[in-house]
Amino acid sequence: MAEPLIEFKDVTKRFGEKTVLDRVNLEIYEGEVTTIIGLSGSGKTVLLKHIIGLITPDEGTILFRGKPITDVKKSDIAMSYMFQGNALFDFMTVYDNVALPLRETTNLSRPEVKRRVMTRLEQTELADAARKYPSEISGGMQKRAALARALVTDPQIVLFDEPTTGQDPVRKNAILSMISQYQRSFGFTAILVSHEIPDVYFISNRILALYGGSIVFQGSPEELEDFDHPFKREVIHSLEGLQKELTGLHSRRQFKMRYRDQLSGDAIGATYSVAVFTLEELDTVASRLGHEAAQEAIKSLGVFLDKHFGAIGGFSTRHSMNEYVTVLPATDLAEAEGILGNFIRDFQVQEQAILDIWTAAQRRSDSEECVALTMLAGTAQGNPSQELESVIDLAKHQQKVIARIRCITQGESR
Amino acid sequence: MAPPEQDKEKEAPKGPARLLAEPFALTGRKAISWIDNMGASTIFLMRAFVKIFRPKQFFKIIEQLYYIGAGSMLIIMLVGLFTGMVLGLQSYHALVKFGSEGALGTLVSLSLIRELGPVLTAIMITARAGSAITAEIGSQRISEQLDALKTMRIDPLRFLISPRIAASIISFPLLTALFDVIGIIGGYISGVVLLGVNAGTYLHRVQSSVEMKDITDGFVKAMVFAVIVTTVCCYQGYFAHMRTDSHGARAIGRATTSAVVLSCVLILVADYIVTSLLI
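Which chain is which? The protein sequence lines are D and C, in order. Numbering follows my numbering, with no gaps: position 175 of the first sequence is 175. Take the position in the second sequence, starting the count at 1, then add 414; the result is the number in my numbering.
No lab work stands behind these hints: they were computed from the structure. Some clues are possibly wrong.
When the alpha-carbon atoms are kept at most 27 Å apart in a straight line, the in silico BS3-like pairs for lysine-lysine are as follows [said to hold, decoys possible]:
#1 D/Lys307 with D/Lys396
#2 D/Lys74 with C/Lys470
#3 C/Lys474 with D/Lys74
Okay, chain D solo, but in the shape it has when bound (with noise of 0.2 Å):
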């Protein structure tokens, strides 16, 4: 395994009479999204701020590229933090927030501070609100404002205190749908704390789970999913939600739940049926609408799935940014396929539905730009004795287009 970029041994952090990080080991991988999961109050925000060197252990070791963070030189990290509570300066405009570090710490010349910070605010969509205070601005562009000056300096790594919070479930995944791409794109190395189970999941290579002081859990989210420790019912099971806030579906655990449930009662070699349905180019979407056109667009389709499969006892859950997973019980192949062709049906007669979703995310978006957008489904049969995932992944490779708008005009849905 590669060698981690940044990885605490031993690290204890006291405050008084409370011992806040006990022993914590841990190692973060460079080019990963890592998140920090754990109750309130467990030490996530202390943990990642021993990171960025805003306080010290009292114990232990701190190693960046296996050298103690205390003999490298600060400007050989190149580390940007998002606080939590945004930590503007009231006193400077956005832009002239945005603009700070550049200022500050380059040389560079006012026209290239001017471009790159403009890039930035358009990427987060606060190029009108360059020019206003953090107070005349509403709570969710202060964070967009805190994200575009974290990311202004081109940082090897990012440290993200709770991006989303006071954000509405659209905009949550805005912003989690934008820390991945951006870190897809730059290559930075992203460490975020979060509440938002199973959210996070989507976009994270890494989950540390952080309970009772210590790192109980590093892995990735699939092996998170088998972990069984106490750490997953206190902490998991209360931040995940019955229903998932964005789309209206079951969560992720519902979901498996209410398939072992129905599924495991049945005879031996009882059949179900699993449809897969993939909204195509929303990454072309997030560019060119915005990110939160892109959540609403998912949103959407969600809400449609859920209204045609719900009725006849299918459930939903989404499976990953752009992916909704439908498990249709006691469902053989051929009536499955016959279901999901009734589905194509009504979504391309009922022109509104696809319109629908169009609508939804031009809603959330300034820009009349045409976009592209196909949806994909495709169907497999399983049963009990067989992995859910096997059986999803069948159905992935069975997908076919089953609805696509070229350009998005009113009135024109194929």
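Assemble the complex: chain D is given as a structure, and chain C must be docked to it using the hints.
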């Protein structure tokens, strides 16, 4: 190894002896805390002072000069005018008993230039700009803006404190000079215009009594007061989050009060010390 506080707890006397010892212990703790803070604020000043000469400071100093200096001109002129007028009024009635009302110009000008000008200017700037500095830096501390500067590799001392110290050192003497001039005019208004002292006598006495040493001593005091006021006000705001008597917005309020009161007391203490050294 037990923390020092626990060791002291083990050694503390019990019963009636404790009641007798407690006032001394309390006084001792206060004195040690005070000396700690004096040392810490001196280090704070030294670190901020050397950063005045780092790059990218010029425009920040100009901005603070505008706020501390230009922004205080009106209040300084107003206070200077009425200080001069009341000094002229009181001095006239004292001097006329000895038939020495002709010395009014000497008394007004030397009192203002040597003492009242530097002291009252410093106190008025403390009230206007010093309290605002404490409140502003305190709120920036509480809302993690100072931490945000550190995460951007911007030194908060260089960015926030050094320009204020530089601007104060420049503006305090200039505002003191303005206070003195307006004060002398105020003395002229009350003494000459209202009470009938001879104008030529008044102005001649002002010119002949005031020496260059009086003016430079006044400016030296003004610069000393500038350093004291800015250091105290910035220090109180910068460490507002570490107050033990309060937290959050209340801590900022108490820090502001402490800054103003401490600055005024230290101005008067420093006034005596500097005067005794310069005389």
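What are the numbers of the hints that this structure violates, sorted from low to high?
Structure breaks no hint.
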